[in-house]
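Protein sequence lines, in the order shown, are assigned to chains A and B.
Just so we're on the same page, full-length UniProt numbering is the position in the first sequence counted from 1, plus 18.
Just so we're on the same page, full-length UniProt numbering is the position in the second sequence counted from 1, plus 18.
Hints in this document: simulated from the structure, not taken from any laboratory.
Hints may be right or wrong, so weigh each one.
Since the list gives no way to pick out one identical chain from another, each pair is judged satisfied if it fits inside one copy or across any two copies.
[Stated by the list, open to error] The calculated lysine-lysine pairs, modelled on DSBU-like cross-linking and capped at a C-alpha distance of 30 Å, are: (1) Lys111 / Lys160; (2) Lys167 / Lys335; (3) Lys335 / Lys238; (4) Lys315 / Lys238; (5) Lys315 / Lys156; (6) Lys331 / Lys231.
Number of protein chains: 2
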Amino acid sequence: CKNQNSQIGSSENATEQKSDPLPSWNEVKSKQNIIAYVEDVTNSESANFIPVSERIATFDNDGNLWSEQPAYFQLFFAIDRVKEMAVDHPEWKTQEPFKSVLENDMASLAKQGEHGLVKLVMATHSGNTIEEFDANVKEWIKTAKHPTKNVGFDELVYQPMLELLQYLRANDFKTYVVSGGGVDFMRAIVTEIYGIPAEQIIGSRITTAYEYKDGKAVIKRTPGLDFNDDKEGKPLNIQKIIGKKPVFSSGNSDGDLQMMQYAASNSYKSFMLYVHHTDEVREWAYDRESHIGRLDKGLDQAMSDGWTVIDMKNDWKVIYPFELE
Amino acid sequence: CKNQNSQIGSSENATEQKSDPLPSWNEVKSKQNIIAYVEDVTNSESANFIPVSERIATFDNDGNLWSEQPAYFQLFFAIDRVKEMAVDHPEWKTQEPFKSVLENDMASLAKQGEHGLVKLVMATHSGNTIEEFDANVKEWIKTAKHPTKNVGFDELVYQPMLELLQYLRANDFKTYVVSGGGVDFMRAIVTEIYGIPAEQIIGSRITTAYEYKDGKAVIKRTPGLDFNDDKEGKPLNIQKIIGKKPVFSSGNSDGDLQMMQYAASNSYKSFMLYVHHTDEVREWAYDRESHIGRLDKGLDQAMSDGWTVIDMKNDWKVIYPFELE
Ligand SMILES: [Ca+2]
Ligand SMILES: [Ca+2]
């Protein structure tokens, strides 16, 4: 029972005996800041105490809870789907962006920019039912391997962040994913890994349509963008779906800046956390100039406003769960 | 602790000593159906057992959890707002639909149809921040009185439905409001009455915009329809926001039919519940011909598919909580 645990955790005597809630973190500033914050706002004697109903924590996904290099993992899914679906689409052999994908010409695909990507996503993410798409993703994740790490994409989640999610939940925070990635793609994969149920995953999505035929209700995925959950889309979607301002917000790029600002505007004491990719050996190193997960304005505001920035290389003992084995 | 309660409730010996979970219901078919369903799907020995994570219950609001006659309560809010805002809008004295509202000419307002209503809603529901709107609604509900019942609108909730919500939650169902009404209007009023947090209230909404100025993040309400949470909009929004099919669905009009069909398509045993307004003395009596809350096709499908229909007059001992006093 959650409540019992948190009561034990907050009693004074227990403090010293408590086991480390973030064992994969070095004893660094970021870890100290997080723990000091959580202990402060969950202490009913503190002026900064936050009632349980307002303990909303929002986490970006790509590059924040799992890796995002050399491309968003959802793009690898789209590419693999094109190759599978190509049997029924002989025309793709000569049609871009499918031609490039089928010829494994990633340079040519990249040149087609966002327009090419949207075509790719619509072709592979629509035209089926919610259940069919969910099954596609679940089937794919079983065997798909990351091109350079050579492990499953779902193994490339950040162990220290899994511990952070768990730590927050143990302190009665409600943890949400708020990502630019596709919501149904994430729901199919990350629910169990993160311990976050479908209804606490917010993301971008394509349009859908309701059909009722022969006594059967079905929701079909249709080719159109319903919502882009990025930049100002993040606070807007948080207000729309959660209806509360987060008190804890975590991201890794400029696409999270508005969500950070929104959390920072909370009248309760809030915590803004940026993951800075500084580890080119164990993960990847990139920030201000990166085409994926650019962290530039966000880093400036984090520094000027005193938000906490995780230095992956120095702050984390391990990056991935499999390093613990 | 919820889990402990539900364990006690499901142990065999406790069954006979349990107090009545639905005391404001007569011993009728609808009550028996509800209890038989809940006991079946929460019994881990039953073939129909539903895991806690899938126990999603969705409730329409107007005419289902509170009354909706002689007009949706949100319309009374809009009318009262027009009268308040008129000081700053002298032009409204000659401009429709405001002119009719200011002259208390409801017949003339009704003649302007949906077009007039949309104008009224946009003028009174947009142009401010989320917090300002929330404060407006909370201020209004404190003193506003229903035109014929002469009590606060928030007193016109259905006592038997409050008991049902509580009964479902005691059995680890997650209860949601899924309404055609405005989501932020409902969040400001019903959260405490229903025991349903903001993040479990889904509704129609106008568009919003994010602003960041002088280090302050603000969400503004703008004049445009973002989502109409009615008819097929209900299952679409449920899939979008919850990402799970309901197993329990309750409504009172044809606007809920698609949500009912969606729940009926659940592979888990599901329960579809219609409230039929049959009590012209204590509440109102209306169905197939009503301009508000029309229940026609829904009633047909409920009868042909064996869904449970509440006969308000005969099934409920009391309608409103104040009748208990
Ligand atoms: Ca990211
Ligand atoms: Ca209704």
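Hints, verified against the model:
1. Lys111 / Lys160: Answer is within: at 27 Å inside a copy they meet the 30 Å cutoff, but 66 Å across does not.
2. Lys167 / Lys335: Intra 18 Å, inter 66 Å, cutoff 30 Å: intra-copy only.
3. Lys335 / Lys238: Neither way: Lys335 and Lys238 sit 44 Å apart in one copy and 43 Å across, limit 30 Å.
4. Lys315 / Lys238: between (38 Å within a copy, 23 Å between copies)
5. Lys315 / Lys156: neither (36 Å within a copy, 38 Å between copies)
6. Lys331 / Lys231: This pair counts as neither: shortest intra-copy Cα distance 55 Å, inter-copy 34 Å.
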